[in-house]
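Residues per chain are reported as follows:
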Amino acid sequence: MKQPKTMFAKVWEQHLVVEPAGEPAILYVDLHLVHEVTSPQAFEGLRLAGRPVHRTDRTLATVDHNVPTDRERVHIKDPIAAAQIEALRRNCAEFGVELFDVNSAEQGIVHMIGPELGATKPGMTIVCGDSHTSTHGAFGALAFGIGTSEVEHVLATQTLPQGRPKTFRIAVEGELPHGVTAKDIVLGIIGRIGTDGATGYAVEYAGSAIRALSMEGRMTVCNMSIEAGARAGMIAPDETTFAYLEGRRFAPKGPAWEEAKAAWRKLPTDEGARFDRELVIAAHELEPYVTWGTSPGMVVAITDVVPDPALGATEADRNGLARALAYMDLRPGTPIEEIAIDRVFLGSCTNARIEDLRAAAKVVAGYRVHPRVRAMVVPGSQQVKLQAEREGLDLLFKEAGFDWREPGCSMCLGMNPDILAPGERCASTSNRNFEGRQGQGGRTHLVSPAMAAAAAVMGRFTDIRTWVYKQAEVVA
Amino acid sequence: MQPFTTLTSTVAPLELSNVDTDQIIPKQFLKRIERTGYGEFLFFDWRQRPDFVLNRPGYRGAQILLAGRNFGCGSSREHAAWALEQYGFRCVLAPSFADIFHSNAGKNGILLVTLPEEQLERLLLQAKAGDGYALTVSLEENTITDAFGLELRFETDPFRRECLLGGLDDIGLTLRHGDALTAYEQRHDADAWMRARA
Numbered sequence: 002m003k004q005p006k007t008m009f010a011k012v013w014e015q016h017l018v019v020e021p022a023g024e025p026a027i028l029y030v031d032l033h034l035v036h037e038v039t040s041p042q043a044f045e046g047l048r049l050a051g052r053p054v055h056r057t058d059r060t061l062a063t064v065d066h067n068v069p070t071d072r073e074r075v076h077i078k079d080p081i082a083a084a085q086i087e088a089l090r091r092n093c094a095e096f097g098v099e100l101f102d103v104n105s106a107e108q109g110i111v112h113m114i115g116p117e118l119g120a121t122k123p124g125m126t127i128v129c130g131d132s133h134t135s136t137h138g139a140f141g142a143l144a145f146g147i148g149t150s151e152v153e154h155v156l157a158t159q160t161l162p163q164g165r166p167k168t169f170r171i172a173v174e175g176e177l178p179h180g181v182t183a184k185d186i187v188l189g190i191i192g193r194i195g196t197d198g199a200t201g202y203a204v205e206y207a208g209s210a211i212r213a214l215s216m217e218g219r220m221t222v223c224n225m226s227i228e229a230g231a232r233a234g235m236i237a238p239d240e241t242t243f244a245y246l247e248g249r250r251f252a253p254k255g256p257a258w259e260e261a262k263a264a265w266r267k268l269p270t271d272e273g274a275r276f277d278r279e280l281v282i283a284a285h286e287l288e289p290y291v292t293w294g295t296s297p298g299m300v301v302a303i304t305d306v307v308p309d310p311a312l313g314a315t316e317a318d319r320n321g322l323a324r325a326l327a328y329m330d331l332r333p334g335t336p337i338e339e340i341a342i343d344r345v346f347l348g349s350c351t352n353a354r355i356e357d358l359r360a361a362a363k364v365v366a367g368y369r370v371h372p373r374v375r376a377m378v379v380p381g382s383q384q385v386k387l388q389a390e391r392e393g394l395d396l397l398f399k400e401a402g403f404d405w406r407e408p409g410c411s412m413c414l415g416m417n418p419d420i421l422a423p424g425e426r427c428a429s430t431s432n433r434n435f436e437g438r439q440g441q442g443g444r445t446h447l448v449s450p451a452m453a454a455a456a457a458v459m460g461r462f463t464d465i466r467t468w469v470y471k472q473a474e475v476v477a
Numbered sequence: 553m554q555p556f557t558t559l560t561s562t563v564a565p566l567e568l569s570n571v572d573t574d575q576i577i578p579k580q581f582l583k584r585i586e587r588t589g590y591g592e593f594l595f596f597d598w599r600q601r602p603d604f605v606l607n608r609p610g611y612r613g614a615q616i617l618l619a620g621r622n623f624g625c626g627s628s629r630e631h632a633a634w635a636l637e638q639y640g641f642r643c644v645l646a647p648s649f650a651d652i653f654h655s656n657a658g659k660n661g662i663l664l665v666t667l668p669e670e671q672l673e674r675l676l677l678q679a680k681a682g683d684g685y686a687l688t689v690s691l692e693e694n695t696i697t698d699a700f701g702l703e704l705r706f707e708t709d710p711f712r713r714e715c716l717l718g719g720l721d722d723i724g725l726t727l728r729h730g731d732a733l734t735a736y737e738q739r740h741d742a743d744a745w746m747r748a749r750a
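Residue numbers (the numbering used here), protein chains in the order written: chain A, 2 to 477; chain B, 553 to 750.
Everything labelled a hint here was simulated from the structure, so no lab data went into it. Don't take each hint at face value.
As the list claims (entries may be wrong) - Examples of chain A residues toward chain B, derived with CB under 8 Å:
{"id": "1", "residue": "TYR29"}
{"id": "2", "residue": "GLY124"}
{"id": "3", "residue": "PRO162"}
{"id": "4", "residue": "ALA264"}
{"id": "5", "residue": "GLU272"}
For each residue, glycine too, the CB sits at the ideal point set by N, CA and C.
Here chain A stands alone, though its shape is the one from the complex (with noise of 0.2 Å):
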């Protein structure tokens, strides 16, 4: 009998184009994306080296980080971010890659549009100049962000050379509670395993609550698998993945579709197949959370306090939580319902898809948004914004309050206009709360769309689990 395998070696495994003796293998890459921001550098190098872009058809490019988010976006006021959208588009028609501009009907966060194009399919090897790529897992593809001159050697060879990481296997078990979301899940088990929890390794997440998510569940939990430091994260595709994939754009068609079928479902982990590490949650375990410092581990339940700095184990952790609540303007025991905000960001690659915006809008159909909230949804890419507008989603968001925006990163990077001011203090759906990442000075909470959108009414965070829904009909 063969040796049973985990899906993560079954992937790498296929994916081995050679492996050098005393060197790390050559790993084939079958998708690259590309943005404005990581990018420029790396054309640049293929152009000083006469070397052209290896396989075109295995490209896609899109702007995303830089991107107004206002109407006029087209003219965009910022001379530098102008230059570098400008790069990328040079860059593209002179290597023949194609670019989802940002007057394309598929333009979007370049994670959002993978899988929306169809072009992110399981089994396959995903890299991208960007550490969320492993959003991609989620179709039970290996993906993960390189660095420029990585994406300089793909761009070059299609491959990259790669250690083998380690496998974990993170399986959740039982049935999430009400109010519980895949984002819940995710800063739950980051939470429990810290920002340096899975670093070395590619995380497998499984078990009963992973395998009723929904395909923008599972890209929420995957998208943050860097977050706990994870080379990747994957989960096993199943009749889920396939009814999102079926008859989009690159999806295989015809007999292709149905013999893809057969080989994507000889990608699970078999039975017996040993993990480096494993651990089990129980889903009933887990709550609404919120963050509360500058690093997304940082993290307490809903119903829970500021946390003590003295806790920390090291004199560096303990500086570090001190510096987080100093920066944070936060107290050791302060309620988590207590603290009020100023802004509330929904969008980013993490939780702007259609199923994040549909959760919020439930919340706030028939309220208002609390009036010293200033709060915005940033679609995560076009066709999330005209499904959202075609169910009617953002006109409850305006007559709540919410601006209603065009696609981007926005406010979840703030390398666009989309920033908090010094002070600020956000609830965000996004992924990172690091120092000055929304802003220099700004104050970030994550959370979930839904906890997001309540703390947007109240002003301050609350509990989704004793919401009142006014209007729950209204949305599909």
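Knowing the structure of chain A, use the given hints to seat chain B on it.
Using the frame of chain A, we list chain B on its own:
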């Protein structure tokens, strides 16, 4: 890439865990299309404070940085490695590093050394005195020494070590396997489900 062989320098202590790449180089400096010009923006927000370690006179010109665990976590931006290198840092000592940053540092001639917490704490104590405490890091010998008889040995990945010592370019190394790549692509492209486009 600039080779790394042996370096003797004063040591700057940054006693913080989970230093993320957003701190190393904030986003407002990622809009440039060049590979250079990032050094002056290293730790930009933190350097606004006069008491930040790199603003203290005792650490001017330090090429070795001591840090807490999980250094370089977060964003994949190679600009963080560019900023460190262009500011003058050639070596970082910490209990652990984030994966993507590790790879980016290696491609820019920066040596990352993983040391046990207790060894680092000793080095931190001495570096914090701010009186010019210096270390010699030898990648040829895999040792860290000081003027007072300290000698620590460290481990490095053999391939990464060879690349750093020789200043080798990865693309050139991969292109030696061009025949294997051609053969692989012929096989692999036949699988419809592995194509990026249907």
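Cross-check of the supplied hints:
no.: 1; hint: TYR29; result: 6 Å, holds
no.: 2; hint: GLY124; result: 7 Å, holds
no.: 3; hint: PRO162; result: 6 Å, holds
no.: 4; hint: ALA264; result: 5 Å, holds
no.: 5; hint: GLU272; result: 23 Å, violated
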